[in-house]
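Let the sequences and hints guide you as you build the complete structure.
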Amino acid sequence: MTDTGELSTDEARVIAAAPSLEWADIVTEHSARVYRLAYRLTGNRQDAEDLTQDVFVRVFRSLDRYEPGNFPGWLHRITTNLFLDRARRSTRIRMDGFSEGAEERIESTEVRPEHAVHDAGFDPDIESALLSLPEEFRVAVVLCDVEGLSYEEISSVLGIKIGTVRSRIHRGRTQLRAALAHRAPRAGRTRFLGAVGV
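For the sequence shown, full-length UniProt numbering begins at 1 and goes up steadily by one.
There's no promise every hint is true.
Derived CB-CB ranges, DEER-like [stated by the list, open to error]:
(1) S132 to P68: 38 to 46 Å
(2) R171 to D125: 15 to 23 Å
(3) R61 to A184: 43 to 51 Å
(4) T28 to R65: 33 to 41 Å
(5) Y151 to A181: 21 to 29 Å
(6) L84 to P185: 30 to 38 Å
(7) D25 to G69: 14 to 22 Å
(8) D145 to E49: 32 to 40 Å
(9) G163 to P185: 31 to 39 Å
(10) E22 to A178: 26 to 34 Å
If you're looking for bench data, these hints aren't it; they were derived computationally from the structure. Even glycine gets a Cβ: it sits at the ideal position worked out from N, Cα and C.
The following block contains the structure:
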């Protein structure tokens with residue numbers, strides 16, 4: 001595996017032919033990233049865990065067809081496509097709050113992906129606003145504003161035109177802004193930006 005997380009064709013073939021330490025290394029290196037994206041898309045731990053598992057099953061089955069390139073981008077594409085497939089199939093996706101099960105967390109020195117996501121989570125009303133977006137808008141906003149992908153990368157991951165990406169991000173952000181209007185400063189008040197002249 002290269003320093004950028006990309007797999008060569010030979011590495012992909014070796015891993016596909018003999019699942020061993022290399023496969024474990026891939027899962028270890030990329031599972032937190034996949035889980036974080038899955039958690040932001042689904043909104044709850046159980047669905048995120050299921051989606052993450054499905055992603056790695058799909059990756060394992062598809063490694064022989066992997067063309068060297070941006071491996072994390074390939075994972076983003078698989079994750080978002082599986083999420084959208086599930087959303088289309090189900091009449092309603094369970095969208096519980098992000099903090100579900102927080103009291104069940106077991107103290108440990110090991111940092112688990114779901115704990116890292118929870119610890120770095122958004123305010124509850126931001127989480128709620130994000131989960132209220134239609135799936136297409138949520139995916140675009142999460143990939144752009146949470147995962148930090150460029151419009152071109154999102155276009156590639158979702159297999160849509162850049163104009164469509166821009167439109168979905170704009171519409172998603174507009175809906176988020178409306179849902180979070182109650183957090184805007186009131187007339188005559190400004191936000192505190194820190195000490196002036198210090």
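Each hint tested on the structure:
no.	hint	in the structure
1	S132 to P68: 38 to 46 Å	39 Å, holds
2	R171 to D125: 15 to 23 Å	20 Å, holds
3	R61 to A184: 43 to 51 Å	47 Å, holds
4	T28 to R65: 33 to 41 Å	23 Å, violated
5	Y151 to A181: 21 to 29 Å	26 Å, holds
6	L84 to P185: 30 to 38 Å	36 Å, holds
7	D25 to G69: 14 to 22 Å	19 Å, holds
8	D145 to E49: 32 to 40 Å	23 Å, violated
9	G163 to P185: 31 to 39 Å	33 Å, holds
10	E22 to A178: 26 to 34 Å	47 Å, violated
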